[in-house]
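Q: As a plain string of letters, each chain reads:
There are 2 protein chains.
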Amino acid sequence: MRKVIVQKFGGTSVADTEKIKNVAKTVIREKENGNDVVVVVSAMGHTTDYLVKMAKDLSADPSGREMDMLLSTGEGVSIALLAMAIQAQGYDAVSFNAMQIGIITENVHSKARIIDIKTDKLKKNLKEGKIIVVAGFQGVTEDGEITTLGRGGSDTSAVALAAALNAERCDIYTDVEGVYTTDPRIVPKATRLDEISYEEMLELAHAGANVLHPRSVETAKQFNVPLRVRSSFKTDNLGTLILGVDKMEIYKPVTGVAADLSQARIVVCDVPDTPGQAAKLFSNLAKEHISVDMIIQSYARKVSNTNDIAFTIDSSDLDKTIKTLDSLKKDLNCGDIQVNDNIAKVSIVGAGMIDRPGIASTMFQTLADLGVNIKMISTSEIKISCLVDKDDAERALKALHNVFELEGDETAVVKGDLPDV
Amino acid sequence: MRKVIVQKFGGTSVADTEKIKNVAKTVIREKENGNDVVVVVSAMGHTTDYLVKMAKDLSADPSGREMDMLLSTGEGVSIALLAMAIQAQGYDAVSFNAMQIGIITENVHSKARIIDIKTDKLKKNLKEGKIIVVAGFQGVTEDGEITTLGRGGSDTSAVALAAALNAERCDIYTDVEGVYTTDPRIVPKATRLDEISYEEMLELAHAGANVLHPRSVETAKQFNVPLRVRSSFKTDNLGTLILGVDKMEIYKPVTGVAADLSQARIVVCDVPDTPGQAAKLFSNLAKEHISVDMIIQSYARKVSNTNDIAFTIDSSDLDKTIKTLDSLKKDLNCGDIQVNDNIAKVSIVGAGMIDRPGIASTMFQTLADLGVNIKMISTSEIKISCLVDKDDAERALKALHNVFELEGDETAVVKGDLPDV
Chain A
5 MRKVIVQKFG GTSVADTEKI KNVAKTVIRE KENGNDVVVV VSAMGHTTDY LVKMAKDLSA
65 DPSGREMDML LSTGEGVSIA LLAMAIQAQG YDAVSFNAMQ IGIITENVHS KARIIDIKTD
125 KLKKNLKEGK IIVVAGFQGV TEDGEITTLG RGGSDTSAVA LAAALNAERC DIYTDVEGVY
185 TTDPRIVPKA TRLDEISYEE MLELAHAGAN VLHPRSVETA KQFNVPLRVR SSFKTDNLGT
245 LILGVDKMEI YKPVTGVAAD LSQARIVVCD VPDTPGQAAK LFSNLAKEHI SVDMIIQSYA
305 RKVSNTNDIA FTIDSSDLDK TIKTLDSLKK DLNCGDIQVN DNIAKVSIVG AGMIDRPGIA
365 STMFQTLADL GVNIKMISTS EIKISCLVDK DDAERALKAL HNVFELEGDE TAVVKGDLPD
425 V
Chain B
5 MRKVIVQKFG GTSVADTEKI KNVAKTVIRE KENGNDVVVV VSAMGHTTDY LVKMAKDLSA
65 DPSGREMDML LSTGEGVSIA LLAMAIQAQG YDAVSFNAMQ IGIITENVHS KARIIDIKTD
125 KLKKNLKEGK IIVVAGFQGV TEDGEITTLG RGGSDTSAVA LAAALNAERC DIYTDVEGVY
185 TTDPRIVPKA TRLDEISYEE MLELAHAGAN VLHPRSVETA KQFNVPLRVR SSFKTDNLGT
245 LILGVDKMEI YKPVTGVAAD LSQARIVVCD VPDTPGQAAK LFSNLAKEHI SVDMIIQSYA
305 RKVSNTNDIA FTIDSSDLDK TIKTLDSLKK DLNCGDIQVN DNIAKVSIVG AGMIDRPGIA
365 STMFQTLADL GVNIKMISTS EIKISCLVDK DDAERALKAL HNVFELEGDE TAVVKGDLPD
425 V
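Protein chains in written order, with our numbering: chain A, 5 to 425; chain B, 5 to 425.
Here chain A stands alone, though its shape is the one from the complex (with noise of 0.2 Å):
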């Protein structure tokens, strides 16, 4: 049986008619490596922008469900121009929606789940050995109504459709050349990593590193989809493959540092310390669709027999949080309600962390040697975050980077407390 690769172009690589062309040559590359190819592409550069700024001269708060009407157009484009390029190279190919395949998403607007994929239109296409062009970002539900998956949401197409067709590999093209151990906009310094674990790949991704959305990488992860980053402008270099940790040998404590500076915390003081009143907040912010990153609630005070309720947004959802917040001040009979959005969250990931002792001290030794105050701490098997100033985040960020040794190709060790293997 021939093997299904799986390719997703992002918006920037299918910018313009001649990248699309590009994209076709690197598609029928694939083809004639003898592979069975699904193409998953993004809407064109800017035209969601574009769009989005017509929606807003309509409307101050358009729905959801014509928005998602709207985006979901612009997938339109770049699947039929995608096909056309391919065909005038002389390959067969057919483009299709996700409403054609059957992409079935829950029923929530601008950041539906995939529940479902139906793969028979897809398996018939390629048996005869046509390449499919499938629009990514895109879903609909048992209802037929349209909806969007959100950031990241082609990457998600893309992993799932890799899972529904048990492909081989699922090749994320994009403008990055692969998984970095941090951003080499901010430390020049920065290696390309070969492999990398999902694990890893996945606390790198929530700890702010944009190559691959979160949710790429858990459908990945739960399906065991190989997962390759790579670059659609550099096609001869093979990225940073991204799989099972069991296929890996972990040799680095500390495989990468990210910094996100995207998130805002809240601390909702005062609330009382009675049962059900954790749940009724985040089953709220939960209701709203928000997502909260870091939690930390700390004890009872004595005296007031009160807590405080720290957490950490996505700013972009900060007004929502804040609304959803003043609704239930009153019925959580809380006190006052703080924010800040001058904060940056900086992490290390490893699956390398896992018994070795000491990676945290060395993290938290590190930035006191800089000055830099730690305001809430997170920490996983794999992964230990801390929150900052906004303003210390770059420096915090390369002393990290330095002090784990991830620059260079060797491997990278950690300063002071060595692990005992």
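FYI, nobody ran anything at the bench for these hints, they're computed from the structure. Careful, some of the hints might be misleading.
Identical chains share a label here; the pair holds if one copy fits it or two copies do between them.
To be verified - Cross-link-like lysine-lysine pairs, in silico, DSS-like; alpha carbons within 30 Å at most:
hint : residue 1 : residue 2
1    : K127      : K115
2    : K291      : K134
3    : K23       : K394
4    : K324      : K402
5    : K333      : K134
6    : K60       : K134
7    : K122      : K334
8    : K60       : K128
9    : K193      : K291
10   : K25       : K134
11   : K57       : K25
12   : K122      : K402
13   : K29       : K60
14   : K122      : K327
15   : K7        : K60
16   : K327      : K60
17   : K125      : K115
18   : K57       : K134
19   : K60       : K35
20   : K23       : K57
21   : K379      : K128
22   : K238      : K57
23   : K60       : K238
With chain A fixed as given, assemble chain B onto it according to the hints.
A: For chain B alone, coordinates are given in the frame of chain A:
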């Protein structure tokens, strides 16, 4: 039961967000009249040209399927924006593309015909009090392939929807104020008709009056849908109502005159006079979706026992026609193929010319007096068309408009041969 009014707005009426806001007002006015409203819109202004240009950048001969996929995105944008504009005025609106509704067409790309329209979704949403905004010009096959309807497509979508919903009326909003006795740009004395029959409109449309495409008029006639052509910009002007001849008083022998400058004449010379030759010729043209207008076959010459077959087509089909004829030449065993696209078809139209002698001779005499040579003649019950040199078209039109006294609001009377009524 509430009455359903279908409204249709073309590309120039929705060319930018300001114009879309105006359309929203017109739609809401009809809703405020107490009617259920279904609005059909085309793609915004120059969207289609822009999309076609990109396609041509990528392929000299883009596939019909992918062109339809590409072009259908245009209405996706305009329906969403119009729905938003209506919502912004505080009214409930919902947009649907052809696939969502189920505007089922035959499986032909770029000029598909509608074969069925599902009405459950439309009726359900109208019942909920919503204004429905529908993408014109597009359809979907039973297999879920996206099609477009070709020229006059959005008008046809609107009329077909009106028929399917048993609508009270279909209002075609356009950039002219109604149907005129002839083209007011050529004959300044042309006057607007308050009413005209389907049959007359059909002949006028075929004869080159660009107000409505004959397809939409044919569909309206078939389902007896009253059709109103009116201005998008001067909405207090009621335009022209097109309806069944039984509802009208016929008092004019000639209702309008028209010129069609977009035709080309083909003469296939010396076709052997054996059965099946014409069938072979025209069935092959039909297979290529080339519409033939006038057809004239001379009597067989006694000596050579051959015919000349002359016919006219739309100039845009000229290349395809020549290609088809070249491939048929051997099979037909015919002589030269002569092409002339420097011609015009001048027509007079009127349900009142039935049973009134002398109309044709008045037309021919008028042209003769001008020194205009008639190259072909074709007649129907309510129309007489003459093929003339393109350069003669304008003065022929003016003279006919004058001789049949179409200027002014008084009843038009034919000079010379007065009907005996």
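Q: Since the copies are identical, ignore which copy is meant and state whether K57 and K25 lie within 30 Å (CA to CA) inside a copy, between copies, both or neither.
A: Both: 28 Å inside a copy, 15 Å across copies.
Q: Please sort K23 with K394 into within, between, both or neither, judging by C-alpha distance up to 30 Å.
A: neither (36 Å within a copy, 45 Å between copies)
Q: Which holds for K122 with K334 at a C-alpha limit of 30 Å: within a copy, between copies, both or neither?
A: neither (47 Å within a copy, 50 Å between copies)
Q: Cα distance capped at 30 Å. Does K7 pair with K60 within a copy, between copies, both, or neither?
A: This pair counts as neither: shortest intra-copy Cα distance 45 Å, inter-copy 33 Å.
Q: Can you give me the call for K122 and K402, within, between, both or neither, at a CA distance of at most 30 Å?
A: neither (46 Å within a copy, 62 Å between copies)
Q: Can you give me the call for K57 and K134, within, between, both or neither, at a CA distance of at most 30 Å?
A: Close across copies (25 Å), not inside one copy (37 Å); limit 30 Å.
Q: How would you classify K23 and K57 at a CA-CA limit of 30 Å: within, between, both, or neither?
A: The answer is both: 24 Å in one copy and 15 Å across copies each meet 30 Å.
Q: My question is about K60 and K134: at a cut-off of 30 Å on alpha-carbon distance, are they close within one copy, between copies, both, or neither?
A: between (40 Å within a copy, 22 Å between copies)
Q: If the cutoff is 30 Å on CA atoms, where do K333 and K134 land: within, between, both or neither? Let me know, please.
A: Neither: 58 Å inside a copy, 36 Å across copies.
Q: Checking K193 and K291: alpha-carbon separation at most 30 Å within a copy, between copies, both or neither?
A: Cα proximity of K193 and K291: none, with 42 Å in one copy and 66 Å across.
Q: Go through the copies and call it for K327 and K60: within, between, both or neither, with a Cα cutoff of 30 Å.
A: within (21 Å within a copy, 49 Å between copies)
Q: With 30 Å as the alpha-carbon cut-off, assign the pair K324 and K402 to within, between, both or neither.
A: neither (34 Å within a copy, 66 Å between copies)
Hint violations for this structure: numbers 3, 4, 5, 7, 9, 12, 14, 15 and 21, all remaining hints satisfied.
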